[in-house]
Amino acid sequence: MSKKLVVNIIGWIFGLVWLVPFMGVFMTAIRPMDELLNGWWDFSSFHPSFNNFYQAWNHPTAPLSRGIPNSLIVATSATVLPLVIATMAGYYLARYRFPLKKLVYIVVVITLALPLQMVAIPLYEMLLKMNLLDSYIGLILLHTAWGTPWITFFMRNFFTTLPPQIEEAARIDGASDFKIFFKIAFPLSLPAIGSAAALQFTWVWSSFFLELITIYTPERFLATQRIPLMRGVYHVDWGVLSAAAIMVMMVPILVYLLLQKYYIRGMIGWSMK
Amino acid sequence: MAEVRLEHVWKIYDNGVEAVKDATFTVEDKEFVVLLGPSGCGKTTTLRMIAGLEEITKGTIYIDGKVVNDVEPKDRDIAMVFQNYALYPHMTVYENMAFGLRLRKFPKAEIDKRVKEAARILGIENLLDRKPRQLSGGQRQRVAVGRAIVRNPKVFLFDEPLSNLDAKLRVQMRAELKKLHHRLEATIVYVTHDQVEAMTMANKIVVIKDGVIQQIGDPHTIYNKPANKFVAGFIGSPPMNFINAKIIRGEGGLWVQTSGFKVKVPKEYEDALADYIDKDVTFGIRPENIYDKMFAYAPTPENTITGMVDVVEPLGSETILHVKVGDDLITAKVDPKTKAQEGQNIDLVLDMERMHVFDPETEKAVI
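Sequence lines, in order, name chains A and B.
Using our numbering, the first residue of the first sequence is number 1, and each one after it goes up by one.
Using our numbering, the first residue of the second sequence is number 1001, and each one after it goes up by one.
Since the hints were made in silico from the structure, they are not lab data.
Some hints could be false.
As the list claims (entries may be wrong) - Under 7 Å between C-beta atoms, here's a sample of chain B residues computed to sit facing chain A:
1) 1013
2) 1053
3) 1084
4) 1100
5) 1103
6) 1104
7) 1106
All residues carry an ideal CB built from backbone N, CA and C; glycine is no exception.
Excised from the complex, chain A in its bound form (with noise of 0.2 Å):
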């Protein structure tokens, strides 16, 4: 009983040091900058608006209303693209013998422990020759790259945990490799599919980096970038700064709410026993 409390209290701990920040980013947001001179906690006098909001939306110089939407197409892209090439990878890496299938996956495993700043200054002479600088074709190979090899490893682990008789029942029923592959494993591993589209979604949603050194042209400017740009030389408007984090903020998070739900329905719906 007391073991509970102690583990409670330390979890209520945690949980408040997590959202005490983000309350006051939330504060920062929804409140004029005069009510927030003596901390966001000073209740005194209380006027909450949506007024930030509507100004990180329509800023003059870097608009959210285009960022979002230019983020929407780079995410998704680069979440939907890795997931086809690093499923039939992970199926063939977990489910059939080739020559020098180790080294291969030998070589997955290491690409991942590759830091992204190693390889920056190659990548941008790649898409310099290639002529994809400052184009979302070439943002969106960097992120498909870059994904592939996290995610090839994590659907061959999930791969190899699923029993090899049910589809070597299809087999026996008739199925080609790709039947088996597209009829059967695909729909058994949506559930890990679920996953690993919300962790890369979030990874190249909030990606800024690769951005940062790819992509110059102002309208082309992905919402992580505009969220800088908000600031003045001379004045740092806080709410708005605050309005655009939490806006950026919500579409992984609601892309998330949007897969464990079907997520979860999977791994309860499919599993046997």
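Put chain B on the given structure of chain A with help from the hints.
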């Protein structure tokens, strides 16, 4: 329906493990053949090689007279029921059963007819819209069988299909599978480690140990004339008693002499034992061929032994006695009305017509 023939089939894995060694046997048309052996003996590997799920290292497999070594599983015209059923979890029962027919481009009406017919035979008509997770173990088992029978294949392969069911259901499904075999007139290869399943269902049993076929025969032969000590010990429950003994010439003929008793060898076995006189042998007798003297049919001093009762296990329909005779512990399955009590002496009568003798070195049956 068709015949399956294996000729000198080997399976050697990349790591050098020899899972199946020189397997040669024939499954006749419409025959129910059981591959029986302890886990890891290579019986499932053999089945998977027949299915085409496992490549064979050496040898030839024929189905319906055709070599199928390099034929894809789907083109072998076989159906397989897996131990864990391997139903497609995301499809309904109907879709599970129709899947193979759809892939083979059967017309819709024909698929519907076949699925419903199979469902009727198996009594799962009311489950067709359910997903596998909504079914009990027994129902899943039926769906797995249904998925196999809708295709009307030449050969059915069963891989321990009853081992995940509880004891009562297993007995019921055993009878149903046997009935189904008669009804479909199917050729069946069935893998199990359960000797009761093998004895009750098979036309022919192939006993396998460490990848080597030990004996092929009908259940009666396997039980009564085991080819070696392994088969003798594997079939029957409780297992056969094995006692170190010597064959000696004595009063009126040959006798079996052990550390604790001496019993006479029936006349008809004397010729077979001629080479073993004064030599060590393993004497074998099944617990069910040992009687409490009070209930024995023909007790004589020549077939009666005395020992001390160590443990009494009443099972209701019979009682198992563990009796210490000399240095040996003998198991006897006796009449439940026995008065035997732990710690007391008891006279046991051996049915010597049903004795077995094994060569202690080769472990092959002499009698």
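A quick look at each hint next to the structure:
Annotation: interface hint on residue 1013(B) violated; nearest CB of chain A at approximately 12 Å, more than 7 Å. Contact between residue 1053(B) and chain A, as hinted, is supported at the beta carbon level, the nearest pair being about 5 Å apart and thus within 7 Å. A cut of 7 Å between beta carbons decides the hint on residue 1084(B): the least distance to chain A is about 6 Å, and the hint holds. At about 4 Å, the closest approach between the beta carbon of residue 1100(B) and any beta carbon in chain A falls short of 7 Å, and the interface hint on this residue holds.
Residue-level restraint check for residue 1103(B) holds (minimum Cβ-Cβ distance to chain A is 4 Å; threshold 7 Å). With a cut of 7 Å, the hint placing residue 1104(B) at the interface with chain A holds, because the nearest CB-to-CB distance is about 5 Å. For residue 1106(B), the suggested interface contact is broken, since its CB lies about 11 Å from the closest CB of chain A, more than 7 Å.
The structure does not agree with the numbered hints 1 and 7 stated previously, though it agrees with the rest.
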